[in-house]
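A.B. asks: Residues per chain, in single letters:
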Amino acid sequence: MHELLWLIPVLPLLGAAINGLLGWRFPKGLVTAVAIGAPLASLLLALGCLWEYAHGGCPGGVCVQTLYAWTAGDLSIPIAFQLDALSAVMLFIVTFVGFLIHVYSIGYMGHEEGYRRYFSYLNLFMAAMLLLVLGNNFLVMFFGWEGVGLCSYLLIGFYSDQPFPPYAGKKAFIVNRIGDFAFLIGMFALFAKFGTLNFKPIFDAVAKNPGLVGGQYALGLSFAGFVALCFFVGAMGKSAQIPLYVWLPDAMAGPTPVSALIHAATMVTAGVYMIARTNVIYQLAPGVSQFVAVIGAVTAIFAASIGMAQNDIKKVLAYSTVSQLGYMFLAAGLGAYSAAIFHLGTHAFFKALLFLGSGSVIHAMGGEQDMQRMGGLGKHLPQTSKLFWIGCLAIAGIPPLAGFFSKDEILHAAAANGQWALYLVGLITAVMTSFYMFRAYYMTFAGRFRGTHEQEHHLHESPPVMTVPLWILAAGAVLAGFAGVPKLLSFGRDLNWFHRFLEPVIAHPHGLGTDEHGLSVGLEIFLVLLAIAAAFGGLFAARALYGRDAGIEKERAWTGRFPAVYRVLANKYYVDEIYDRLIVKPLAWISWLFWKGVDTFLIDTLIVNGGAAATELTGDVGRFTTTGNVRNYALYFFLGVILLFWWIAFR
Amino acid sequence: METLIFFLFAALALGSAIVVVVHKSPVYSTLSLVLTLFSTAVLFVLLGAPFLGALQVLVYAGAIVVLFLFVIMLLNIQTEESAHGAGAQRWVALLGAVILFGMLGLGFWRGGFAQVSPLTAESVSLKALATELFSRYLLPFEIVGLLLLVAVIGATVAARRPGGTNTDETDEIALGEEPAP
Amino acid sequence: MTSVPISWYLLLAAALFVVGTLGALTRRNGISIFLSIEVMLNAANLTLVAYARQLDQRTGQLLVFFVIAVAAAEAAVGLALFIAVFRQRRTIDVNRLNLMRW
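Residue numbers (our numbering), protein chains in the order written: chain A, 952 to 1602; chain B, 58 to 238; chain C, 167 to 268.
No lab work stands behind these hints, which were simulated from the structure alone.
Any given hint might turn out to be false.
[What the hints assert, rightly or not] Computed spacing ranges between beta-carbons, pair by pair:
1) C:GLN254 - B:MET130: 17 to 23 Å
2) B:ARG147 - A:LEU1544: 54 to 60 Å
3) A:THR1576 - C:GLN254: 22 to 28 Å
4) A:GLY1573 - B:LEU88: 41 to 47 Å
From the three backbone atoms N, C-alpha and C, an ideal C-beta is built for every residue, glycine too.
Hey, can you work out the whole structure from these sequences and the hints?
C.D. replies: Encoded structure:
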């Protein structure tokens, strides 16, 4: 089965091409069939490959399939795919969640003009994301990396008739580009040192000889540190960490399923995957790893604080995503790579669930996204309400749902490494997470309806094509946690199956999963209870403020007491404005300068027009030599003779 | 003695050349040209080429100049109001001429004043000259003959009256009337 | 015996050549231009003979022989052309022969 590995990214690519190039002729049903068929086929193939892998189908834990060995002089980059533990996990997440979201989109985008275009882009995205996770060398991965960036741009700006979505798409792409640039530098450095970009040779060489990547290289860092930093900057862009996260909230301008798939479950997790993949290098760069952890933690709490003051339901989820990604990077920075991937997986399930649930709400509200105009939707949208509730439980970390296990593992990693500051940040963030999620729930589904009458009449539950995927995702959000039960809670048995599965790829984990580090059992139990308390604390606080029939009046009372704080949070710390003032405007000014000064004046006026004018002038002057008078011509002869004579005789 | 002859005829040559170039009447110019050619012929003799000197007088002065005179008479060319064209051409030409003379002079001057071997009877012998002409330079000789033939034909054709054969209508100009404006 | 240095002959030839050139470029009358050209040719002949004397070779003299022949041919054809032009344009003023003007 693993010979068909290459089909997994190629089938969605074909689907995108068919729908994109020929789809305008197809009836809607055919478009749908192609668009759903491709990811479904990929999913089935992926499951098949996983089954085979889990049963020892890949000797040495790695299957490599080379499609085409491309060489250009010294450079040899095969187009090859790799199936190992890490890519298997990512593969499953991407195809499974991706497929469900495709199905959901049939209902959500059913009435849209650009139905065919949407699915073409979505399939293209799947293809690129699969390339990213299946690639066996940095170049194929980067190809996918760029591809998902492109699709993100296309899909964010999907509603191109309005002014804001294309702007948001551009913003996403440009901010991503900054990260991509750093990523490229890292790749160049790796290639310069190792002469190849394939994972296996590089990682093997580094593992065997760590000193190879030591020593001073650049920016005061070792080689490993430099490369790690470059890649992390790339991850900052793609996975929306500080300071390159600003595109993600604006990316909500795209259709909601896009937000679910790309900006929650898959694309933004590419950075985490990348760090996990290159963990060999990060382990040899402790300074950079620490930096990663700190950035992750700061981003987590920063975004969570903003999320508490947002009224657009999708914005809440966007900042939530940034925050949860921060958790993942916190784990990765601490060396707990399997914990990071675990959280990635559980997050994919419950975030997609939450986003798609919000999609149902928006769909029911006829496009309204402002929670201040919602309320009491639990009556009208019973299924969505329950599903959203499940998602909130999961993300808040309330046991025994998935979020509890994965988040707890991360906090545990922080504590076990003695990084109590980071632990504290993570804990506070957990409180905030729980708070803002349940706030969103109560604002939307509880209390009395605060919208207009037409909106009220329009309210309806979503069709099964939308709710069934949600139930499946909810099941995942509930059950996925049990893949990684830590030892503490497993009554002595090692049930952390997930961690064991990833072990071959995550070499020498000095992170967690095992309880070898010196934390007493008592302390561990205390920390777990603390995490649970945090989750419930947030819930109760939200319930007090927004629950039952409280609506939003109580919030007003609180924000009235701290108006400045509220304003800062609601305006997202004015980061966008700051960037605009400091970076965007100066750049625009420089561009304007180049345009007017260099292009218009220098090149157009001076060189192009000037050249023409000079030629004209020469012609006007030179005209006078063609007198038609033979004597003048004889004179010219003579002058030429003089010149010639001088040349011959005296040179 | 030789020096005296040289300077005399050199001055004569130069002077008459200047007259050729300067005089308004073409007839006078032509006659002055004859004088130039004579002087140059003497100089040829001084340089040990008596045959060429004679040749020059016979062919050049005797035939070519006569041809010129015939044409001048035929076309009844009047004296010009001003011999030289107006305008900047004059001065540019003068400047160029001065420069050219300077360069040529410099070139010749650099050549140095080498001594030449005195003339012998052998070196001016006509027989030797003829031998070389008809042996080494036979081909050019024949070609020049051909050239002359071509020239004759060409001249005849070029100067024919338009319309081909001679007609009764005679050339007004031949009768010495004023040329039409 | 003191002979005249050949350089002087050459200088004289140069002077004659330049004089002829001036005439060729300056005069309005076509015939006069021809005459000036003859002066130039004469100067060239003088140069050739001078060098023949200097280098003690007869080649120079033979060249002069050919030059005279060619000059004769050229004068003949040139004058014939001149006549033809004159018939057409009724003038020998070179300035007026300007059909090549733009």
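A.B. asks: State for each hint whether it applies.
C.D. replies: Status of the hints after comparison with the structure:
| no. | hint | in the structure |
| --- | --- | --- |
| 1 | C:GLN254 - B:MET130: 17 to 23 Å | holds (20 Å) |
| 2 | B:ARG147 - A:LEU1544: 54 to 60 Å | holds (57 Å) |
| 3 | A:THR1576 - C:GLN254: 22 to 28 Å | holds (26 Å) |
| 4 | A:GLY1573 - B:LEU88: 41 to 47 Å | holds (43 Å) |
No hint from the list above goes unmet by this structure.
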